[in-house]
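**Q** Assemble chain B onto chain A, guided by the hints.
Spelled out, the chains give:
Number of protein chains: 2
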Amino acid sequence: MKLRAVTSNRNKAREITAFFEGIAEIEHVPMECPEYRDDDVREISRMKAEYAYAKIGRPLIVDDTAFCIDALNGFPGPYAAYVHDRIGNRGILKLMENERDRKASFITAITLATDEGFFVFTGELEGEITTAELGTGGFGYDPIFIVGNQTLAEITTEDKNRISHRARALHVLKEWLMNDKDKNH
Amino acid sequence: MKLRAVTSNRNKAREITAFFEGIAEIEHVPMECPEYRDDDVREISRMKAEYAYAKIGRPLIVDDTAFCIDALNGFPGPYAAYVHDRIGNRGILKLMENERDRKASFITAITLATDEGFFVFTGELEGEITTAELGTGGFGYDPIFIVGNQTLAEITTEDKNRISHRARALHVLKEWLMNDKDKNH
Numbered sequence: 632m633k634l635r636a637v638t639s640n641r642n643k644a645r646e647i648t649a650f651f652e653g654i655a656e657i658e659h660v661p662m663e664c665p666e667y668r669d670d671d672v673r674e675i676s677r678m679k680a681e682y683a684y685a686k687i688g689r690p691l692i693v694d695d696t697a698f699c700i701d702a703l704n705g706f707p708g709p710y711a712a713y714v715h716d717r718i719g720n721r722g723i724l725k726l727m728e729n730e731r732d733r734k735a736s737f738i739t740a741i742t743l744a745t746d747e748g749f750f751v752f753t754g755e756l757e758g759e760i761t762t763a764e765l766g767t768g769g770f771g772y773d774p775i776f777i778v779g780n781q782t783l784a785e786i787t788t789e790d791k792n793r794i795s796h797r798a799r800a801l802h803v804l805k806e807w808l809m810n811d812k813d814k815n816h
Numbered sequence: 632m633k634l635r636a637v638t639s640n641r642n643k644a645r646e647i648t649a650f651f652e653g654i655a656e657i658e659h660v661p662m663e664c665p666e667y668r669d670d671d672v673r674e675i676s677r678m679k680a681e682y683a684y685a686k687i688g689r690p691l692i693v694d695d696t697a698f699c700i701d702a703l704n705g706f707p708g709p710y711a712a713y714v715h716d717r718i719g720n721r722g723i724l725k726l727m728e729n730e731r732d733r734k735a736s737f738i739t740a741i742t743l744a745t746d747e748g749f750f751v752f753t754g755e756l757e758g759e760i761t762t763a764e765l766g767t768g769g770f771g772y773d774p775i776f777i778v779g780n781q782t783l784a785e786i787t788t789e790d791k792n793r794i795s796h797r798a799r800a801l802h803v804l805k806e807w808l809m810n811d812k813d814k815n816h
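If you read the sequences in order, they're chains A and B. Going by my numbering, the first sequence runs without a break in its numbering and finishes at 816. Going by my numbering, the second sequence runs without a break in its numbering and finishes at 816.
The shape of chain A in the complex, shown without the other chains:
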């Protein structure tokens, strides 16, 4: 089976390709989808998939990830990439100075678009915001997001791909693809 992973982010494409190795062939389509502003990452993912499917017309997946910090009322949420680009981890750590509640979570919503319809799968990873950047792996907020006793930038890509929000969403998608779809719907 062949799936197109529609994303302009090479890091994501690499993570997805590694995940499906031996199960599905992933073709990276580096297309920019217009992204709606919406507070719900599931909705954003679905709208992107509709756009991409209208253009490509073949089975594809798109994903969208939100990064939500409890003490900041869910900020940066679906604008995680923009916010990281502008104020970086330094900005987030500054906003979190003196905050006791360090809880945060990543939520990924993956939409599978096929001629049978659009199916949204989500995965969540809960953790906490560190007080300083730790580790050199990963990307984005990984160095300031700690799960257990290590940040996502301190663990190997393989370990990250096992526990990450995206991995969890991909896992649900994989189960769905491997089962008889009719049983689920």
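The set of hints was computed from the structure by calculation and includes no laboratory data. Computed from a prediction, not measured in an experiment: that's the story for all the values here. Misleading hints may appear alongside valid ones.
Subject to a maximum C-alpha distance of 27 Å in a straight line, what follows is the list of computed DSS-like cross-link-like pairs (lysine-lysine) [what the hints assert, rightly or not]: (1) Lys-725(B) <-> Lys-734(A); (2) Lys-725(A) <-> Lys-734(B); (3) Lys-633(B) <-> Lys-805(B); (4) Lys-805(B) <-> Lys-643(B); (5) Lys-725(A) <-> Lys-725(B); (6) Lys-734(A) <-> Lys-791(A).
Cβ-Cβ distance ranges computed for the label pairs, FRET-style [stated by the list, open to error]: (7) Met-632(B) <-> Glu-755(A): 37 to 43 Å; (8) Arg-731(B) <-> Thr-762(A): 45 to 51 Å; (9) Glu-681(A) <-> Thr-648(B): 32 to 38 Å.
For glycine and all other residues, C-beta sits at the position ideal for the given N, C-alpha and C.
**A** Coordinates of chain B only, in the frame set by chain A:
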């Protein structure tokens, strides 16, 4: 002449109605337009207008405002409303601690949609970020945005409507409406 002001923000609608008093009748249409994520506020405004015009089919205006802080690489930009809602002026002041460069600007892009096409008008207001909130008027970032020696929250609505980014964009629009359109295009 009657113009529909399409916005879910009552403060904006009030500012626009006050501005056009005696020139055009403004009908507030409190419709939510889906908003694309885009770094260019002109583009966001135009896309919203296309959506609204497809629904309403009568002359209308929509606007979109970005708030750009130089030292934060343009953050929060077009996500001004979301960011204000989540981290507030307190968050911005925290991010700006120890920053020497306090320059910031509001940019409003208003799109007029008519059966003759879509026309985008912009207005900009330059100022600086204060080190504390000052004043009780206005809304949003007004208490931390200083122009000359007062914040936008310290001046009257009338004064704000004379100098604001939105007023400047509305002014260009008003001139355009009052002149023979054919001369301009």
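**Q** Please go over all the hints and tell whether each is borne out by the structure.
**A** Do the hints match the structure? See the list:
Restraint check: the Cα-Cα separation between Lys-725(B) and Lys-734(A) comes to about 20 Å, which is no more than 27 Å; the hinted pair holds. The straight-line distance between the Cα atoms of Lys-725(A) and Lys-734(B) is roughly 20 Å, inside the 27 Å bound, and the hint therefore holds. For the proposed pair Lys-633(B) and Lys-805(B), the alpha carbon gap of about 13 Å is at most 27 Å, so the pair holds. For a cut-off of 27 Å, the pair hint linking Lys-805(B) to Lys-643(B) stands: about 16 Å separates their Cα positions.
Of the pairs offered as hints, the one joining Lys-725(A) and Lys-725(B) holds, with about 7 Å between alpha carbons and a cut-off of 27 Å not exceeded. About 19 Å separates the Cα atoms of Lys-734(A) and Lys-791(A), which keeps this hinted pair within 27 Å; it holds. The beta-carbon spacing between Met-632(B) and Glu-755(A), approximately 52 Å, falls outside the hinted interval of 37 to 43 Å. Evaluation of the 45 to 51 Å hint for Arg-731(B) and Thr-762(A) yields a failure: the beta carbon distance comes to about 25 Å.
Remark: the range hint 32 to 38 Å for Glu-681(A) to Thr-648(B) is upheld by a beta-carbon distance near 36 Å.
Violated hints for the displayed structure, listed by number in ascending order: 7, 8.
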